[in-house]
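K.L.:
Those protein sequences? They're chains A and B, same order as listed. All letters in the first sequence, in the order written, are residues 10 to 416 by the numbering used here. All letters in the second sequence, in the order written, are residues 13 to 91 by the numbering used here.
None of these hints come from the bench; they were simulated from the model. Since the structure is predicted, the reported quantities are computational estimates derived from the model, not experimental observations. Warning: the hint list may mix true and false statements.
[What the hints assert, rightly or not] Capping the alpha-carbon separation at 27 angstroms, the derived lysine-lysine pairs in DSSO-like fashion look like this:
{"hint": "1", "chain 1": "A", "residue 1": "246", "chain 2": "B", "residue 2": "53"}
{"hint": "2", "chain 1": "A", "residue 1": "371", "chain 2": "B", "residue 2": "55"}
{"hint": "3", "chain 1": "A", "residue 1": "286", "chain 2": "B", "residue 2": "32"}
In case you want the letters, here they are:
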Amino acid sequence: MSSIIMCIDMDAFFASVEQQANPKLRGKPIAVIGSGSRTVITTRSYEARTYGVKTGMNIYEAKKLCPNLILVVGDNEKYAHTCNELSVIYNKYTPDIEIYSIDEAFLDITTTQHLFGGPEAIGFAIKKEVKDQFGINCTVGIAPNILMAKLASDIAKPDGLRWIKPEDTEPLLKDLPVKDLWGIGSATAEKLELLGIRTCAELGKAPASILRNKFGIVGETLKRMGQGFCDRPLIVKEEDPKSIGHSMTLPKDISDREALKAELLKLSSMVCSRARKHGFVGKKITLTVRYSDFETFTKQATLQVHSNCTHEIYHNASDILDSIRLIDKVRLIGVSLSDLMLENEVQLDLFNGDAKRKSMLKAVDSLNDKFGDSTVTWASYLKATESPSVISPAWKPSGVRNTNIKN
Amino acid sequence: MRVGEDITVLASFGMPYRIKPLSFTWSGRTIEIKEVTYTWKTKEGQRDVHHFSVTDGNTLYELTFDAASLLWQIESLEA
């Protein structure tokens, strides 16, 4: 039996939430932005799209295109809560759910669809529940795999429902440009065009050997994508993370090392607190620095033993910073911990020299869990700037990617 | 405009809205809520704080209900 996968995509999610929350914004061109001084458009309403306002544009560009554009500072807590509640709705119809991003989810309804009157009935029921509960619209795509389900939702946007059955795949892909397929970006589309491949049908018929020569192992995957096949299963259970990291764009470019170290302490504290919460320790520390001209580089250090202690990660990140000759002011700084393993799988320390420090961190974590973030924190932390308030697209309602959301 | 003041709220608890504020009294004035435009929940440590975006038809208010202290507050308003 062919699988039945549903893609649910919120329409202009952040902007729709803001328009629903504030009746004066309804029917108007609005753009949701971050609270930082160097923010860009994160989402725009359908009204703003008609003026050509795009995600990622700076405010000046957007206002030039649409002088009446209303800018709304995003409220991450609202979006995170809505995403959590959406997964409660999805769970009524199937336990096999992949929350792909804050506004997109894939549901495998193969074995449950008959209980609810079929795929379309589930799709319409979810659309209704989302509308009734939040007042916002979503688009539903249904197909035999996630690639085609995503295509179905893209075609049906906004506020639509489209079911691509196996027999519909070939005629649909015949003249469809390859860049319309999920996962084929403009760079790949350009390379394909150099091979004379513009449509999905051409991609599906292209000799695998040519695609392999050009794209390596991905060549065969691309050919199958052109035929409407996709072997990627739904990731229902979150895999263990490969790294845990945080970065931030500073409110203004700085070169003062002490100020940068205050940021490093804050970022190290966020990384370690998340690692401890989920029981991970790491051995590799990576410092990311982006200069004013956007040139970005990373430098790593390896610890002798795995750790998730804030002071240890901070001191090592700080040593990395000291070893770098900064050639320009810094725009963004980031810390990540990788080479992760579960804390309870680490060999015990024979002399237990760090026991006091670990107990202290445990006490700090438990106080912060009970009374809220940063109830107890490092005094030097107070020198750091406020965190940027743009929610990561990788945010998830549960697991390691469930970072703390604050506006 | 940030407000952050305690208020008295008349609310219904139950389905389908779970908690629905109906009117509130602030600075001696009672304001009838015409529409609850959005609701969301945040955590302050282990405390659940329920947020309500509400309007009386003219002004948009954000009200909060702290489930631990059972206190209502008016967080902000936008005329």
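K.L.:
Are the hints correct? Go through all of them and say.
P.N.:
Okay, the hints, checked on the actual structure:
no.	hint	verdict
1	A:246 to B:53	holds, 25 angstroms
2	A:371 to B:55	holds, 20 angstroms
3	A:286 to B:32	violated, 34 angstroms
Hint 3 from the earlier list is the only one contradicted by this structure; the remaining hints agree with it.
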